[in-house]
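Engineer: What follows is the residue order along each chain.
Protein chains: 2
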Amino acid sequence: MEQDLNSLRHSAAHLLAHAVVELYPDTKLTIGPATPEGFFYDFLPTTNFKEQDLPAIAEKMREIADRKLPLTHKQVPKDVAREMFKGNQFKLELIDGIEGDTVGIASQGDFHDLCRGGHVEHTGLLKNFKLLNVSGSYWRGDRDGQPLQRISGTAFFTPKELRMYEKRVAEALKYDHRKLGKELDLFSLHEEGPGFPFFHPRGKIVYDLLVGHLKKLLQQADYQEIATPMMLSDELWKRSGHYDHYRDNMYFSEIDKRNFAIKPMNCPGAILIYKERPRSYRDLPLKFAEFGLVHRYELSGVLHGLFRARAFTIDDAHVFCTPDQLKEQIKQMVSMTYSVLNKFGFEEIRVGISTKPEDAMGDDALWDKATDALKHALESEGVPFEMYEGEGAFYGPKIEFRIKDSMGREWQCGTIQVDFFLPKNFELEYVTPEGTRAQPVMVHRAIYGSLERFFAILLEHYKGRLPFFIAPVQMKILTITDDQKQYAHELLNTLKSHGYRASMDESSDPISGKIKAAQLQQVPWMLVLGAKELENNTITLRHRDGKQEFGLSLDDLLKKAEIAQK
Amino acid sequence: MEQDLNSLRHSAAHLLAHAVVELYPDTKLTIGPATPEGFFYDFLPTTNFKEQDLPAIAEKMREIADRKLPLTHKQVPKDVAREMFKGNQFKLELIDGIEGDTVGIASQGDFHDLCRGGHVEHTGLLKNFKLLNVSGSYWRGDRDGQPLQRISGTAFFTPKELRMYEKRVAEALKYDHRKLGKELDLFSLHEEGPGFPFFHPRGKIVYDLLVGHLKKLLQQADYQEIATPMMLSDELWKRSGHYDHYRDNMYFSEIDKRNFAIKPMNCPGAILIYKERPRSYRDLPLKFAEFGLVHRYELSGVLHGLFRARAFTIDDAHVFCTPDQLKEQIKQMVSMTYSVLNKFGFEEIRVGISTKPEDAMGDDALWDKATDALKHALESEGVPFEMYEGEGAFYGPKIEFRIKDSMGREWQCGTIQVDFFLPKNFELEYVTPEGTRAQPVMVHRAIYGSLERFFAILLEHYKGRLPFFIAPVQMKILTITDDQKQYAHELLNTLKSHGYRASMDESSDPISGKIKAAQLQQVPWMLVLGAKELENNTITLRHRDGKQEFGLSLDDLLKKAEIAQK
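Chains as they are written, first to last, in the numbering used here: chain B, -11 to 554; chain H, -11 to 554.
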């Protein structure tokens, strides 16, 4: 089914290209794949496309769809293909890059495209599509390469699916975290630091609560927190392999004519602390946690609020252990991951194990042991999982966690990644009970993944209505007249001294205005105090959804709050 | 007296230069000032000086001192001076830079140096000196300029003062925080990031306790915490003035062919959040706090553990208020500063106000108002202070706090700095009660200053014996035999559940070994459990200094701990 949807969307990309060529014959085609969300096609047009060109292109696509042109696919000799695409340097480059003597050509009517295949039967099946936007891209994603224009869209089998998609998009737009971030005064983004979030006081509170929640669990599980520098020398990143594999995503600076990278990952720092003193088997498992701020380059076109930023904090941990300890450690990590994700309202979690790829390092026995450890850990926690055969990183197998939010979207957050590579590269050692030296296994794991991104997911998941335990302001006291001010202040102090995040509306607005203001701020509990409450020494609790509870004593309120806090 | 000591030390610098010229006649002299700790002279030698050359130089200095040469000072025409120093490009450059037609020349015997004056009578008074070290420096401190060699030393009036100094230095060396940091496993420094500290688990605990202590006070005082990015665009730093005045101490990077600086200060970030929405007089004072990690270039020669690092966290706050609110705000800041410094055992605090310099911006009335606010705030808190006339920054007056540590050394930590400049440059505004627009005053303030540096001061001040409330491990349970293990584990869990940082020695060492290990770690309280304690359900509390308290019940212990925690 997923394969079918891919074929449909890939065919829709061909349909798009076909329409563009009919409307703008001098446009050069490059590539047009299906994506998890839809499809796109990258063009080199003679004049840049604009959003307002999309309706005409969509109209032409529908017209070609109505022709019900059969989609065919055949292999042709490379020379023939070169002749077909002469004058298009991109297609010629693609042809050169394909192995063998022939290449695949997809055709519909007089439109032909270089293609590996996988299509629907005819263009008539492609009516349920929607063009989404025009953006900038680069040939082969290389930002020093030829700039191109990308038209993105999506397609479904039925009109109903398309309508559901549009509804979901509209809802996501309404609860876009960037919009909520502004409305609720949580964070902002500024031209002076594109992709670098600024946390406002309320956003910083939520951020700190996310950190604080995890810190408690880390402490219980005997993790030890460290902090490593933002900048480290090029030589270190060369040794860790990041310089070779990740350089394009790193920022660099120079000190005393020596090159330094701003850290894109926290692992080398943790390794230097591991190596700072001799380690014995008695020290293992050694569990370092770091809330590490990393900086990674992203194209400006793909920056997206806190979802995709250029700086974010990973709730990182690096666990050094013996191969025999691996299973128990993974088990504990899986259990902590579930505890955290459930806490924040994510019940539907999809788990997968990625196994040894072809270009892997390390011997099979070690891989098997590690992969078995991952499997057994998941099994013993009663967690169902999928196997992604051959999809692991070259340095070790991993577990990935995907959560489904309230709008049905999936997000990859946590990972547990076994690593044979870095311990070897950095010659990590521990002394065994026999007095010999052995290499520890290293496990990288994150639960939130990026704290900033998780914050944004939470905001959209809860549609801005953060639950009591993580709301920046949990309770707001609203007096009906100034007569209740003293009562209000006493209540405020009591709530604060119990550790609650409480505030008070000091304005002279009428109670309706105060309620409205608190509701716009998405405060979970409004505590309304009028003449009656003052007289009886009670509190009226008004929930965000309008439900009210009258005549609560302070004790009642504190008991309720204690439950809501958990 | 301080002036006299300066004259003595400046004269000692001349004596040093005189000795060097007699020993190495081709050495070029540059400058040789007195410093708060002693003096130095920067040379361009024909062959680099080494530490082992210092005894011979000192010997020659003593020999010249014995000659009791009178020190004279006179003004000579610049042409005469140019002739005297021909061939020495440094002196010629200095002569060109001096205003007027004449320059001062200091002479002793046949030695002459360019000099503004201020000396002792004759070289015989300069016997109580000590040469300290040889280091690299640059002409005019410009790291792109001519590299020079600096010989540093110190001098006193009497042999007794010199002996006391030597004793203090020996003690400081014994309790050097870099040594303690290693011994107590608190932090480390690595060649992969020179000047960028790595915090080990125990160091991170202390660091977090410092942050946590201040956070509590900030919350009580209605500060709001923010977090701003590490990298911001060059244009912003140009507008803030940092690019012009501070560029040489900043690190830069490039993103999409645009220049960014790694922040050396947190103010511009706070200003962008201030400007994010319209502000009214009702919002003021608006008190933003930020534990902001800053990066600043330091010459590798002056890096000194956590005292002088290239990255550190400022416990920064930026308060935006009306001119009328200034006094009350300053008062609160002074009071919080005292509360924090006293808490950490600093009772002797020297306070000074630096006033309007000649090149100041802003009109006199505003300066007077701000300076008065500073004075009155100190007076109303009953704090004695000195006036440093004309020593303020060009953008506003400031208060500086200097603490004296247990070894008698002074450290400048906190500052409260009024700023008229940034609000103007960034066109900050608030709406007044009358509906007009006005410019807020901005106050920068820090209490610890640099958290890393304060940590190091604490370590040396307490000679590694951090007090109970800030010790990374507060209590360590030591069992005499394995029979007490279960009792020990129960006690450990109880202590942890009360929020104490407790641990247990799980080794099979004899009790004497366990005590020794805990003492090396500087754990304030050892809880010794033997057969008797198990039988009577009691605890023996052994303090770090060896004092013991027997037969404590759990309740006794918890009560004691609660007091020690405060």
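These are calculated hints, taken from the structure and not from any lab test. Quick reminder that beta carbons are idealized off the backbone N, C-alpha and C, glycines included. Accuracy of the hints is not assured; some may be wrong.
What the hints assert, rightly or not - No more than 30 Å apart at the CA atoms, straight line, and that leaves these computed lysine-lysine pairs for DSS-like:
no., chain 1, residue 1, chain 2, residue 2
1, H, Lys535, B, Lys451
2, H, Lys451, H, Lys331
3, H, Lys66, H, Lys118
4, B, Lys547, H, Lys263
5, H, Lys547, B, Lys547
6, B, Lys451, B, Lys535
7, B, Lys204, H, Lys535
8, H, Lys203, H, Lys155
9, H, Lys473, H, Lys204
10, H, Lys155, B, Lys484
11, H, Lys170, H, Lys148
12, H, Lys547, H, Lys473
13, B, Lys451, B, Lys155
14, B, Lys203, H, Lys226
15, H, Lys263, B, Lys504
16, H, Lys535, H, Lys155
17, H, Lys331, H, Lys473
18, H, Lys118, H, Lys16
19, H, Lys451, B, Lys547
20, H, Lys118, B, Lys263
21, H, Lys451, B, Lys554
22, H, Lys263, B, Lys170
23, H, Lys118, B, Lys204
24, B, Lys548, H, Lys451
25, B, Lys473, H, Lys331
26, B, Lys473, H, Lys554
27, H, Lys167, B, Lys167
28, B, Lys331, B, Lys162
29, B, Lys548, H, Lys520
30, B, Lys331, H, Lys357
31, H, Lys226, B, Lys245
32, B, Lys118, B, Lys451
33, B, Lys331, H, Lys315
Said to hold, decoys possible - Stretch by stretch, here's where chain B covers chain H in the computed footprint (C-beta under 8 Å, at least three residues):
no., stretch
34, 189 to 195
35, 237 to 244
36, 253 to 265
37, 282 to 291
38, 400 to 406
Engineer: Are the hints correct? Go through all of them and say.
Structural biologist: Results for each hint:
1. Restraint check for Lys535 of chain H and Lys451 of chain B: not satisfied, since their Cα atoms lie roughly 59 Å apart, outside the 30 Å limit.
2. For a cut-off of 30 Å, the pair hint linking Lys451 of chain H to Lys331 of chain H stands: about 17 Å separates their Cα positions.
3. Taking the CA atoms of Lys66 of chain H and Lys118 of chain H, the gap is near 34 Å; set against the 30 Å cutoff, the hint is violated.
4. Straight-line distance between C-alpha atoms of Lys547 of chain B and Lys263 of chain H comes to about 40 Å, which puts the hinted pair past the 30 Å bound.
5. Between Lys547 of chain H and Lys547 of chain B the CA atoms are separated by roughly 27 Å; this keeps the pair inside 30 Å, and the hint holds.
6. The suggested pairing of Lys451 of chain B with Lys535 of chain B holds, with an alpha-carbon distance near 19 Å, which does not exceed 30 Å.
7. As the CA atoms of Lys204 of chain B and Lys535 of chain H are separated by approximately 34 Å, the hinted pair breaks the 30 Å bound.
8. Restraint check for Lys203 of chain H and Lys155 of chain H: not satisfied, since their Cα atoms lie roughly 38 Å apart, outside the 30 Å limit.
9. Distance hint between Lys473 of chain H and Lys204 of chain H is unfulfilled; the C-alpha atoms sit about 37 Å from each other, more than 30 Å.
10. For the hint linking Lys155 of chain H to Lys484 of chain B, the alpha-carbon distance of about 51 Å lies beyond 30 Å, and the restraint is violated.
11. Distance restraint check for Lys170 of chain H and Lys148 of chain H: the Cα-Cα separation of roughly 33 Å exceeds the 30 Å cut-off, and the hinted pair is therefore not satisfied.
12. Distance check on the hinted pair: Lys547 of chain H and Lys473 of chain H sit about 24 Å apart at the alpha-carbon level, within 30 Å; holds.
13. In summary, the hint linking Lys451 of chain B to Lys155 of chain B is supported, as the alpha carbons are separated by about 15 Å, within the 30 Å threshold.
14. Restraint check: the Cα-Cα separation between Lys203 of chain B and Lys226 of chain H comes to about 39 Å, which exceeds 30 Å; the hinted pair is violated.
15. Using a Cα cut-off of 30 Å, the hinted pair Lys263 of chain H and Lys504 of chain B holds, with the two alpha carbons roughly 25 Å apart.
16. Proximity of Lys535 of chain H to Lys155 of chain H is assessed by CA-CA distance (about 28 Å); at most 30 Å being required, the pair is judged to hold.
17. At roughly 36 Å between alpha-carbon atoms, Lys331 of chain H and Lys473 of chain H are farther apart than 30 Å, so this suggested pair is violated.
18. For the hint pairing Lys118 of chain H with Lys16 of chain H, the CA-to-CA distance comes to about 22 Å; that is within 30 Å, so the pair holds.
19. With a C-alpha separation of about 47 Å, the suggested pair Lys451 of chain H and Lys547 of chain B falls outside the 30 Å cut-off, and the hint is violated.
20. Between Lys118 of chain H and Lys263 of chain B the alpha-carbon distance is near 39 Å, which puts this suggested pair outside the 30 Å criterion.
21. Distance hint between Lys451 of chain H and Lys554 of chain B is unfulfilled; the C-alpha atoms sit about 42 Å from each other, more than 30 Å.
22. Of the pairs offered as hints, the one joining Lys263 of chain H and Lys170 of chain B holds, with about 13 Å between alpha carbons and a cut-off of 30 Å not exceeded.
23. About 53 Å separates the Cα atoms of Lys118 of chain H and Lys204 of chain B, which puts this hinted pair outside 30 Å; it is violated.
24. Among the hinted pairs, Lys548 of chain B with Lys451 of chain H is inconsistent with the structure: their alpha-carbon atoms are about 48 Å apart, more than 30 Å.
25. Annotation: proposed proximity of Lys473 of chain B to Lys331 of chain H is violated, straight-line Cα distance about 35 Å (limit 30 Å).
26. Simply put, Lys473 of chain B and Lys554 of chain H have alpha-carbon atoms about 33 Å apart, too far for the 30 Å limit, and the pair is violated.
27. For a cut-off of 30 Å, the pair hint linking Lys167 of chain H to Lys167 of chain B is broken: about 51 Å separates their Cα positions.
28. The hinted pair formed by Lys331 of chain B and Lys162 of chain B meets the criterion: a straight-line CA distance of about 25 Å does not exceed 30 Å.
29. At roughly 46 Å between alpha-carbon atoms, Lys548 of chain B and Lys520 of chain H are farther apart than 30 Å, so this suggested pair is violated.
30. A distance of roughly 53 Å separates the Cα atoms of Lys331 of chain B and Lys357 of chain H; the hinted pair therefore is violated under the 30 Å criterion.
31. Proximity of Lys226 of chain H to Lys245 of chain B is assessed by CA-CA distance (about 24 Å); at most 30 Å being required, the pair is judged to hold.
32. Between Lys118 of chain B and Lys451 of chain B the alpha-carbon distance is near 25 Å, which keeps this suggested pair within the 30 Å criterion.
33. For a cut-off of 30 Å, the pair hint linking Lys331 of chain B to Lys315 of chain H is broken: about 46 Å separates their Cα positions.
34. For the stretch 189 to 195 of chain H, the assignment as covered by chain B holds, since 4 residues bring a beta-carbon within under 8 Å of that chain's beta-carbons and 3 suffice.
35. Using a Cβ-Cβ cut-off of 8 Å, 6 residues of the stretch 237 to 244 of chain H lie near chain B, which meets the minimum of three, so the contact claim holds.
36. Counting residues of the stretch 253 to 265 of chain H whose CB falls under 8 Å from any CB of chain B gives 6; the rule of at least 3 is met.
37. Under the rule that three or more residues need a Cβ within less than 8 Å of chain B, the assignment of the stretch 282 to 291 of chain H holds, with 3 such residues.
38. Restraint check on the stretch 400 to 406 of chain H versus chain B: 0 residues with Cβ-Cβ distances below 8 Å, three needed, restraint violated.
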